[in-house]
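J.: As you go down the protein sequences, you meet chains A and B in turn. The first sequence runs 1 to 197 under the numbering used here. The second sequence runs 1 to 319 under the numbering used here.
No lab work stands behind these hints, which were simulated from the structure alone. What you are looking at is a predicted structure, and each value in this text was computed from that prediction instead of being measured. Fair warning: there could be bad hints in the mix.
To be verified - Ranges of calculated distance between the beta carbons of each label pair, as one might list FRET restraints: (1) B:Asn164 - A:Lys178: 25 to 33 Å; (2) B:Lys85 - A:Asn68: 24 to 32 Å; (3) A:Asn68 - B:Gly273: 57 to 65 Å; (4) A:Ile164 - B:Ser188: 41 to 49 Å.
Unchecked claim - Sample of chain A residues with no beta-carbon within 10 Å of chain B, all distances over it, derived: (5) Ile31; (6) Lys153; (7) Ser157.
Every residue gets a Cβ at the ideal spot worked out from N, C-alpha and C, and that includes glycine.
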Amino acid sequence: MQIVLNEMIYKKAQIKIQQTGSLLIYQLSEIKNRRGQLKIQQMAFVLVALMIFFGLVSLIYFRLRVSNIEDSAVNLKDEEAKELVRKLSGSAEFAFTSEDCSNCIDFDKVLILSERKSYEGFWNLKHLEIQKVYPESEGICNRQNYPKCDTLKIIDSGENTGAITSSFVSLCRWESGKGEGYYKCEIGRILASGEGI
Amino acid sequence: MAKINNKRGLEMSFAWIFAIVVGAVIIFLAIYSTTRLIDTEKTTQNTEIGKEIGILLTPVETNLESGKAAIIKMPVETRIFNECKKLQGEVFGKQDISVSTKSNIGKEWESSGIASSFQNKYIFSGDVIEGKEFRIFTKPFEMPFKIADLTFIWSSNEEYCFINPTREIERDILDLELQGMEIVEDISLCSVNSKKVCFTRSGCDIDVDVNSQSVKKKKRTESVFYEDELIFGAILSDLENYECQVKRLMARDSELSSITISKSLFLSSKGCGSERLQPLLGSLSNKTLEIKSSLELREISNLAENIRRENDNLGCRLF
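Chain B on its own, in the form it takes in the complex:
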């Protein structure tokens, strides 16, 4: 009763109220700025890792070799975001790589760092690859001359089971001892969690039609078309990424064709007659520049094969 009638309440001097308010503001600011600082640090770190991964891919590129393989090991679980960009007006398009690392504090996956752009790289993989270990495999792509090195990336969490693959694919997998890729004769021999890649039958995770040179994935209705080494790209990467990389590769092919025409004109005055290649190269340059989808690869490949044959017959070969 006495307590109820006590109307004095809690008496506080102005100094106390002021100290509490200011103290709360200071503590809030400290926590907020620390959180922001940690976020910024993580973004910086992820940006650096992204750039380093891009740099690490350069030594894996080929010179005279027919292929190369490597492994990148990360200290923590990492997500690599692979984005291909080919905007109108851009000649070669861009390969963006950004990285996000797993954290034990706060959010499980930090926001990815600022993407590092490379115009001279062509990475074929899923849009997001996650793991602690990444397998890398490069192959030179020629049409009819070397255009670029194709880089294929998959993580240690992914397994691919090739059922009755072509001899070329079998040779690449066995010669380079590619980990996470097994070759079997029957689908029942594949490990349970692996992605089944079928060459002689359909209904698998990935169906390859060797006759039409196309690849179809289980959840997609569309197929993508390949030539030579691009088959690995068609198997490993997502449809949008694959089509974008094909366009970028063809844009580079177009530029290289036009350089080769200029070289032919330049050398013709030096007694290197290669004039009959010039219209063919001109046609290749135009066709590769205007490519809409991988469906047109077969036609371009035939033209490239003609150019290769003509070049081999020359006294001074252009390439």
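In isolation and in its complexed conformation, chain A is listed as follows:
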């Protein structure tokens, strides 16, 4: 009887030891899992931080790059307007060809040109006008007040024109005299601003 009792106590003790062991193993693995989870969380945080960092860096880079491209587009547009203004008096639509005259504009022809829509966008210009410098006069030119006017607008987009480039020219036109008519030239200038690329 005593032997049986001892065996039972022994078995009970064994079961208890087994239970304690498995509990310990379970607790140990739980600690490991928690550590793993913590590590994954750490890594996720680092990744998110890295993404935010790279995102910010690329945002700053693109902002700078876009502003550089905008600057060079503006420079190119101004450069184009400058070069064009210097050469416009020699172009077919402006040139005064009745006599040999360098830098002379046919004001009569340009008045007709200003009425034509087909030339919009032809010179890549946002704004193009001709101003009479001397003798002084006033008003926007049209068929009614021509040639007693000041400004002839050829391209007028109405928007902010940006930097305007100008070049002095001679404005030549046919003037009817008492007998025969004659060509009369006055001082004027071309004003232009470029359109973006």
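Since chain A is already given, all that's left is putting chain B on it; use the hints.
T.: Chain B only, in chain A's frame:
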């Protein structure tokens, strides 16, 4: 034997696998975005160069001069793509210029930048010109008044040998000291790699028939027809480009004729009688607008010559 029986394999924690996968994704994204960024930068750069070349051509245009020459030097080997567009509905058509530069990294030739469009330029050259140095030559084109400046471009890699050319061509080449264009009396005197341009015989790379005012290239069966300064265009440019530019030039001639008619009407009230020019100018405006090919240039040129003569007889000349 022990190794074969070892079934443990490579043991890796989840953290390692995660780090490797994420690391690979990050490295791939970095390489991909850098490559894309370099491509975009090169496209931007090529676009800017294209626009700059277009701008640089403006000072070479003429005023009272009969011609001008210039050289554009590039820092690296460059390809200039010359495309002429004249779509229906467009009044003046477009001159597109795009550029591609040679690169030492990656692809030898980068894709060309975005084309810069110019409505007021007429460039005669091959579809693609390649080189580090580009020769430019401009001549005003009149029919009967000045229509535009014709711009001829060829690279330093190209040489043209003119065998017994006309006096006008000889004068232009010699006066403007055009590089890459030589004048000889016999084909045997031409340099080996040059394109032979013959005026008095056929079978050369480019045959010019002065009587019919036509130019025929070796590999093409079709001829193109020219008037005055357009001869350089017919020699230097490809057939499609040439025909397109002729159409664009004639479209501008049509607009200018119609402006000149309006000017004539406007000035008639001011005592400048030029009414007899109006129907001729009207006819010129219609003919130039409806031009189908360079073959019709001769007829238009004759009409233009009549208008020029009539205008010269006027008390107040219209142009």
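J.: List in ascending order the numbers of the hints, as given earlier, that are violated by the structure.
T.: 1, 4
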